[in-house]
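> Next come the chains, spelled out residue by residue.
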Amino acid sequence: MAPLLKVQNLKVHFHTDEGVVEALRDVSFEVERGETVAIVGESGCGKSVMARAILRIVPSPGRIVEGQVTYARDDEAIDLTALDAKGAAIRDIRGADIAMIFQEPMATFSPVHTIGNQINEAIMLHQGIDQTRATAQTLDILDRVGMPRPPRIIHRYPHQLSGGMLQRAMIAMALSCRPQLLIADEPTTALDVTTQAQILRLLYDLQGEFNMAILFITHDLSVVSQFADRVVVMYLGEVVESADVITLFEEPKHPYTKALLDSIPQTGAGRGQRLQSISGTIPNPLHRPRGCLFHPRCSSFRPGICDRVEPREIVLEADHRARCVLYDERYAEAIAPG
Amino acid sequence: MVGFILRRMLLFIPTLLFISILVFFLIQLPPGDFLDTLILRMQEGGSSVDAETEAVLRERYALDQPFLIQYGRWVGTIIIEGDFGRSFNWNRPVSDLIWSRLGWTMLISIGSILFTWALAFPIAIYSATNQYSFFDYFFSFVGFVGLAIPNFLLALVLMWIGFSVFGVSMGGLFSSEYRDAAWSIDKFLDFMSHLWVPIVVLGTAGTAGLIRTMRANLLDELNKPYVEAARAKGLRERRLVWKYPVRVALNPFISSLATLLPSMISGATIVSVVLGLPTTGPLMLDALLEQDMFLAGSFLLMLSFFTLVSTLISDILLLLVDPRIRLE
Numbered sequence: 001m002a003p004l005l006k007v008q009n010l011k012v013h014f015h016t017d018e019g020v021v022e023a024l025r026d027v028s029f030e031v032e033r034g035e036t037v038a039i040v041g042e043s044g045c046g047k048s049v050m051a052r053a054i055l056r057i058v059p060s061p062g063r064i065v066e067g068q069v070t071y072a073r074d075d076e077a078i079d080l081t082a083l084d085a086k087g088a089a090i091r092d093i094r095g096a097d098i099a100m101i102f103q104e105p106m107a108t109f110s111p112v113h114t115i116g117n118q119i120n121e122a123i124m125l126h127q128g129i130d131q132t133r134a135t136a137q138t139l140d141i142l143d144r145v146g147m148p149r150p151p152r153i154i155h156r157y158p159h160q161l162s163g164g165m166l167q168r169a170m171i172a173m174a175l176s177c178r179p180q181l182l183i184a185d186e187p188t189t190a191l192d193v194t195t196q197a198q199i200l201r202l203l204y205d206l207q208g209e210f211n212m213a214i215l216f217i218t219h220d221l222s223v224v225s226q227f228a229d230r231v232v233v234m235y236l237g238e239v240v241e242s243a244d245v246i247t248l249f250e251e252p253k254h255p256y257t258k259a260l261l262d263s264i265p266q267t268g269a270g271r272g273q274r275l276q277s278i279s280g281t282i283p284n285p286l287h288r289p290r291g292c293l294f295h296p297r298c299s300s301f302r303p304g305i306c307d308r309v310e311p312r313e314i315v316l317e318a319d320h321r322a323r324c325v326l327y328d329e330r331y332a333e334a335i336a337p338g
Numbered sequence: 001m002v003g004f005i006l007r008r009m010l011l012f013i014p015t016l017l018f019i020s021i022l023v024f025f026l027i028q029l030p031p032g033d034f035l036d037t038l039i040l041r042m043q044e045g046g047s048s049v050d051a052e053t054e055a056v057l058r059e060r061y062a063l064d065q066p067f068l069i070q071y072g073r074w075v076g077t078i079i080i081e082g083d084f085g086r087s088f089n090w091n092r093p094v095s096d097l098i099w100s101r102l103g104w105t106m107l108i109s110i111g112s113i114l115f116t117w118a119l120a121f122p123i124a125i126y127s128a129t130n131q132y133s134f135f136d137y138f139f140s141f142v143g144f145v146g147l148a149i150p151n152f153l154l155a156l157v158l159m160w161i162g163f164s165v166f167g168v169s170m171g172g173l174f175s176s177e178y179r180d181a182a183w184s185i186d187k188f189l190d191f192m193s194h195l196w197v198p199i200v201v202l203g204t205a206g207t208a209g210l211i212r213t214m215r216a217n218l219l220d221e222l223n224k225p226y227v228e229a230a231r232a233k234g235l236r237e238r239r240l241v242w243k244y245p246v247r248v249a250l251n252p253f254i255s256s257l258a259t260l261l262p263s264m265i266s267g268a269t270i271v272s273v274v275l276g277l278p279t280t281g282p283l284m285l286d287a288l289l290e291q292d293m294f295l296a297g298s299f300l301l302m303l304s305f306f307t308l309v310s311t312l313i314s315d316i317l318l319l320l321v322d323p324r325i326r327l328e
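Same order as they appear, the protein sequences are chains A and B.
When we follow the working numbering, the leftmost residue of the first sequence carries the number 1, and every step to the right adds one.
When we follow the working numbering, the leftmost residue of the second sequence carries the number 1, and every step to the right adds one.
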């Protein structure tokens, strides 16, 4: 069974006045039907660009330079990168097969249109039905996402709803046409912890109900551990490690992943202990380090290799890959003393 | 909402009263008065006025009374009899003079406003959505040139073109043979052939400013998340631009409508003078120059009233159009 979404060697470049920014350098991963894949990384790692590249809404001056994104609709394999970004084919898929929810619910809705109008729009656009029938569906989906009093809500404007309710409305809007894949770009980052838990619960339930795959983009590892089936860790436009969630948390292989996990603050840890952080800062994307992108901050740095060789992705086990020379047989001897 | 409107309209009365005092005072401020100017002109023309006649005239026009009495009589007459007084210069009731010209002024103004909107909106939207393209730079350039060229200069140039290319005498709204004739198809066509000059001149002035404002507003909105979200829903680019960011970018434009009515009435005075249009602008200019008190004062009062009305209309429109603004 082909994966629902297959991203292969995706490269996205931004041609700015200061130079070319390689937002995505060679990203590959897969999403199976019904599973939740989390994309984790710090700001600037390219995860948001990744999400937008799938739907072909990368803002200019960004462009997909190389690579493929293959979406399996029923039995048909569609190469999304080959479609015209403004054409009818990709517009059919947006909102219907693949939907997206965003980080700031208040900013994602138009302030001068009602909630009902905006949700109806997606339904009417993709199903070609009239407003009355669309409204019936809108009320239904709002009910399913746990919105109190849907008949009232559809006449309200976004500024009249709370953050949590708006996030539910946004989820309703995205799910209104029963997408196969939901891309969630940091949906809980702007919410307080309690609301965050509710929204995650909601997404989990809806996923089961709709048998939907979710591509969950976040920088919050705790959310990942609760929610994801598999995890893809990104750094500066590259995938540095990917594995199922349990393996990633219990046996991380890439030094960056390990550092990330170590930096999670533990409650109950000894007082007076410093928080672990990753030394250094994210490099300017216009001045990338030579060799391995992470080497200036890596605790396992091997001089002579890591600053000269660009590591390739090594398959460690069936589903576990890491991009690091530590696991590359070609350099096994040079690295020897662990 | 109704309460809001009623309250605002009640506030018109003290505002207008205050403005009327100010207006009357300011008109009187330059030394001398209408009679002095008249006498001076008569003297330049050759005839003269002796002191006795002058005193009689002065008393007749009540120009020898103290300021408050004159003001009181003026305002009193307006309120009680609805009579705005008599113009010294034209020797006709003020209302006659103003109303007859108001019609033309409104027509030309509305025409030029529609012209402005029809031209400016599509250009601004194109400019904003195709930022840094050739036409964006082109329209920006034309816009700046339009802002820089004085209206009266443009009026003169167009008049000259109309005359030398089309052989039509371009001043005024009608050619001399049609001016007093009854309305007919020919008169209408002649009217149209004259009308386009003031509409284009006044229209292009407003167009440049509107394009810049609208483009800037729209550029702000185009980068916002809700535009991206609409795209991610699968909407066509053109449809989503019109439905979302354009709609939101209109808000600042609507608040600028507050000065629309008054600017319509004052009617681009200099252009009207150059083109010889029968609008209220030149009338007003003369009245002020001559210190024709009742005419000038009434005119300013009317202008203030229309400003208050159009501010109120603009506020109401904004309330209707932007759901975020509500009376709490």
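Each hint should be verified, as a subset may be incorrect.
Stated by the list, open to error - Okay, derived cross-link-like pairs now, DSS-like style, lysine-lysine, Cα gap no bigger than 27 Å in a straight line:
(1) Lys6/A with Lys86/A
(2) Lys224/B with Lys243/B
(3) Lys86/A with Lys258/A
(4) Lys86/A with Lys224/B
(5) Lys86/A with Lys243/B
(6) Lys86/A with Lys11/A
(7) Lys224/B with Lys11/A
Said to hold, decoys possible - Cβ pair distances, simulated, as ranges:
(8) Val142/B with Pro61/A: 22 to 30 Å
(9) Trp117/B with Leu275/A: 19 to 27 Å
(10) Ile282/A with Trp117/B: 32 to 40 Å
(11) Asn223/B with Glu251/A: 41 to 49 Å
(12) Ile282/A with Ile325/B: 39 to 47 Å
(13) Pro61/A with Pro122/B: 41 to 49 Å
(14) Asn130/B with Val65/A: 18 to 26 Å
(15) Asn130/B with Ala88/A: 15 to 23 Å
(16) Ile325/B with Ala136/A: 45 to 53 Å
(17) Ala148/B with Pro61/A: 30 to 38 Å
(18) Asp140/A with Trp196/B: 50 to 58 Å
In short, the hints are calculated from the structure, not lab data.
In this text, all values refer to a predicted model and were calculated from it rather than measured experimentally.
The C-beta atom is built at its ideal place from N, Cα and C for all residues, glycine as well.
> Which earlier hints turn out false for this structure, listed by number in ascending order?
Of the numbered hints, 3, 9, 10, 13 and 16 do not hold.
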